[in-house]
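Peer 1: Sequence:
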Amino acid sequence: MHFKSFLLLALAGALAGPALAQIAPLTPAAQAAVASQAQRMAQELSLTPEQHARLRNVLVLTRQHMDADLKTHHEDPAALKAAMAFDRAKSDELIRGVLTPAQYVRYQQYKAARIGQLHTTSQVGR
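Sequential numbering from 146 applies to the sequence shown in our numbering.
FYI, nobody ran anything at the bench for these hints, they're computed from the structure.
From a predicted model like this one, the values you see are computed outputs, not experimental measurements.
Glycine included, each C-beta is placed from N, C-alpha and C at the ideal position.
Hints should not be assumed to be uniformly reliable.
[Claimed, not checked] Simulated restraints on C-beta separations:
1. L263 / K216: 18 to 26 Å
2. Q188 / K216: 28 to 36 Å
3. R251 / A198: 34 to 42 Å
4. V250 / P222: 17 to 25 Å
[As the list claims (entries may be wrong)] As a list, the in silico DSSO-like pairs of lysine-lysine whose alpha-carbon atoms are at most 27 Å apart:
5. K216 / K235
6. K226 / K256
7. K235 / K256
Please model the complete structure; the sequences and the hints are all you need to start from.
Peer 2: Structure follows, in structure tokens:
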């Protein structure tokens, strides 16, 4: 087994943590959203087919955990914020394990641009 594959499995286990029993399959809409996000990222980052598949798995896992966080912590905003931050950090670690160093730099730029777009869009309605 390649070191990166081992690292990916180890980090996936860390992301799974105690909430593993709460993980539910994604809805068809969530599956479509993840597939679309993975496809956009594959194009932006020039991923190989193997990287694309691995990235999609990371995104599915992340979405499942975030959905579980929403169910588990829906009455505790502080706990929800902490759980989501943990999931985002672990997802970023997993994504870093999928990408080359140059792709990871582009990913960080891509992510910053997406966050900027979301903030700009949210400000339009105010």
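Peer 1: Against the range 18 to 26 Å, how does the distance between the Cβ atoms of L263 and K216 compare: consistent or not?
Peer 2: The hinted range 18 to 26 Å holds for L263 and K216, with Cβ atoms some 23 Å apart.
Peer 1: Is the hinted range of 28 to 36 Å satisfied by the C-beta distance from Q188 to K216?
Peer 2: With Cβ atoms ~32 Å apart, the hint holds.
Peer 1: Given the hinted pair K216 and K235, is their alpha-carbon gap at most 27 Å?
Peer 2: holds, 19 Å
Peer 1: Given the hint of 17 to 25 Å, is the C-beta distance from V250 to P222 inside that range or not?
Peer 2: violated, 33 Å
Peer 1: Holds or violated: K235 with K256, Cα cutoff 27 Å?
Peer 2: Measuring from Cα to Cα gives roughly 15 Å; hence the hint holds.
Peer 1: Quickly compare the C-alpha distance for K226 and K256 to 27 Å and report which way the hint goes.
Peer 2: Judged against 27 Å, a Cα distance of about 19 Å means the pair holds.
Peer 1: For the hint 34 to 42 Å, verify it against the beta carbon of R251 and that of A198.
Peer 2: violated, 19 Å
The structure is inconsistent with the numbered hints 3 and 4, although it conforms to all the rest.
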